[in-house]
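Listed below, chain by chain, are the residues.
Protein chains: 2
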Amino acid sequence: MLAQPLPLDGGGALAGVEIAYETYGTLAADRSNVVLVCHALTGDQYVASAHPVTGKSGWWDRMVGPGKPIDTARFHVICPNVIGSCMGSTGPASDGADGAPHAMRFPVITIRDMVRAHVALLDALGIDRLHAVVGGSMGGMQALSLAANWPERAARVLAIATTARHSAQNIAFHEVGRQAIMADPNWAGGNYYGGAAPDAGLAVARMAAHITYLSEDGLTDKFGRSLQDRDAKSFGFDADFQVESYLRYQGSGFTKRFDANSYLYITRAMDYFDLAEEHGGRLAEAFAGATARFCVVSFDSDWLYPTSESRHLVHALNAAGAPVSFVELSAPFGHDSFLLDVPALDRVVAGFLG
Amino acid sequence: MLAQPLPLDGGGALAGVEIAYETYGTLAADRSNVVLVCHALTGDQYVASAHPVTGKSGWWDRMVGPGKPIDTARFHVICPNVIGSCMGSTGPASDGADGAPHAMRFPVITIRDMVRAHVALLDALGIDRLHAVVGGSMGGMQALSLAANWPERAARVLAIATTARHSAQNIAFHEVGRQAIMADPNWAGGNYYGGAAPDAGLAVARMAAHITYLSEDGLTDKFGRSLQDRDAKSFGFDADFQVESYLRYQGSGFTKRFDANSYLYITRAMDYFDLAEEHGGRLAEAFAGATARFCVVSFDSDWLYPTSESRHLVHALNAAGAPVSFVELSAPFGHDSFLLDVPALDRVVAGFLG
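In order, the protein sequence lines correspond to chains C and Y. According to our numbering, the first sequence holds residues 1 to 354 in order. According to our numbering, the second sequence holds residues 1 to 354 in order.
Hints are computed from structural coordinates only; laboratory data are not their basis. A hint or two may mislead.
One copy or two, either will do: identical chains are not told apart, so a pair holds if it fits within one copy or between any two.
Straight-line alpha carbon distances no greater than 25 Å define the calculated SDA-like cross-link-like pairs of lysine to any residue that follow [what the hints assert, rightly or not]:
#1 K222 x M270
#2 K222 x T212
#3 K233 x G12
#4 K68 x G96
#5 K233 x A284
#6 K233 x M104
#7 K222 x L27
#8 K233 x T54
#9 K233 x R282
On a predicted model such as this, the values are computed, not experimentally measured, just so you know.
Next comes chain C alone, as it looks inside the complex:
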């Protein structure tokens, strides 16, 4: 638990903040070998260890471990669960001062608030300066926010498949997900804890979002118009097509491990994210005091945070005089490429961490 209340961008402060985190590798005596890994919207601190609910291996197991690109034989990796989430850090499902869950009394938070909590954690751990902060998607937003607002805290900033601001289309997809959750009668204004959760609404939200994580070509290659366990169309409303069955599975599986109110709060934080706006409307200003080296990575099949967004970011870093390397990688998996088997990404990450 943080000793001090956490100031929030929306005003006020959040008292009694808990931050759940996982660590991997050994902390050097001079604390110089810390890599902070920031997770995405529905991610968690189990970057390289089994998820306690699903039992699945860590979401970036391929990237973090001994001898892997983020080499835990050399680096001490810290991965905190963001505030607002539901895997141990304080969020809407956590109890408030009155002993009842915050639910929708939880304050609307921002990406910068999440990072402020990470910095408080680093302070508590006595870590002044990170070897690197690394993140994909919303994790990349956190990495950029840390670089912009606490420029002395990281020597290297690796932002993958991300953006410096949420676009209208990004906001629109999130709004569909939020409306799906809020339309579920079980949501009950957010006060469903102890009763039936709005799983149906959350599953629809996840399904809509999941489509945006994949590329059209990837969906076609993986599923095309193939039928699911049948030779002919059923002329009914079962999942005739494999892609339908896959989406339903993604939706229902998600509800077992994620809290609907957390989905509302974290998508809201992402929609609010606009680094330029935070810094007088000019993105280069956000990085005026940067002391880090930057590496920006996009994927050619990512239509959620397309390369144009990364290029916009890189131009701002250039304008700010920050050292930055930028690469667009070719991968067929859409936005999810950062989580999947893309050997070129492994090389970029290993190379940048030095």
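Assemble chain Y onto chain C, guided by the hints.
Okay, now just chain Y, sitting in the frame of chain C:
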């Protein structure tokens, strides 16, 4: 009402089929001047006249009328409501033989079934051969299905912003919409007639679909990150951003004029659409007996039915030896471009109709 039961691709036949339609312009004595306009998923027969529920002008008012590209001073335009829909043609909300609404007892239909009903209507009206069949999006699928299955019935086929088959991503977005409707407790297995309709679910379905009708650039140009009637973020869950407010409006407005079960059935028909599969797996075979001239139009900002789908169709028409002209138009509005102010489309339509 059709005199004969309508045979269906799923087997059996549908008795007592009503087809609601609108006409514009005068039928020539030799019945040679008929243009059949086919509507899209959520369209209707009111192509150039006020919608009886919303009072809004026809959905293609800019295209159909005296002196307009589909010139009703010369052509007799017929626009039928597709079966499965909810504006007068037989669909799930229509009463079955027992006097109760079909609801989910309505058979799953296909695009070809819709067109079979159109052909039965043309038969009843004594119209042997159309001057042209014209449609955008699902209307284009109907135009192609007519050309493939009743090749003698149209002299000209104009297919706009459409495809010869629904892709995995197309199916995925529709499945999200269907799941949103079915997740609404008011849906009640489809038996909501006479009670509260699943408006919340239908609104979410519409919101998700609506994003796919627009282009990312169009959304950015129209809304960007502009706030709705406020100077600063609310740090709440109201519609802070204009794009959120717009989507909510689109969702709730839609429920006033459309039946949720119709949405299920028509999206299913679109997902089942695969002209090649209907013709031995080879798209060119679908057009082997074609007697029409074809015109295929795509829009460069349409990511729902991108130009690559039109090109695939044109290659098949070429392989079948059918005369076809093809143009990709530049327009910023995404898939919805076919409904909006794109003067180049007006010229193509007017020119092709001759």
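Checked hints:
Taking CA atoms no more than 25 Å apart as the test, K222 paired with M270 passes between copies only; the shortest distance there is 20 Å, against 29 Å inside one copy. Taking the closest pair of Cα atoms, K222 and T212 come within 25 Å of each other both inside a single copy (15 Å) and across two copies (21 Å). Taking the closest pair of Cα atoms, K233 and G12 come within 25 Å of each other only across two copies (15 Å); inside a single copy the shortest separation is 57 Å, beyond that limit. In this assembly of identical chains, K68 and G96 lie within 25 Å of each other by CA distance neither inside one copy nor across copies; the values are 40 Å within and 64 Å between.
For a Cα distance limit of 25 Å, the shortest separation of K233 from A284 across copies, 22 Å, qualifies, whereas the shortest one inside one copy, 54 Å, does not. In this assembly of identical chains, the alpha carbons of K233 and M104 lie at most 25 Å apart only when taken from different copies (17 Å versus 44 Å within one copy). Taking the closest pair of Cα atoms, K222 and L27 never come within 25 Å of each other, the shortest separation being 42 Å inside a single copy and 50 Å across copies. In this assembly of identical chains, the alpha carbons of K233 and T54 never lie at most 25 Å apart, being 33 Å within a copy and 36 Å across copies at closest.
Taking the shortest alpha-carbon separations for K233 and R282, only the inter-copy value of 18 Å comes in at or below 25 Å, while the best intra-copy value is 54 Å.
Figure legend: structure checked against the earlier numbered hints; hints not met, in rising order: 4, 7, 8.
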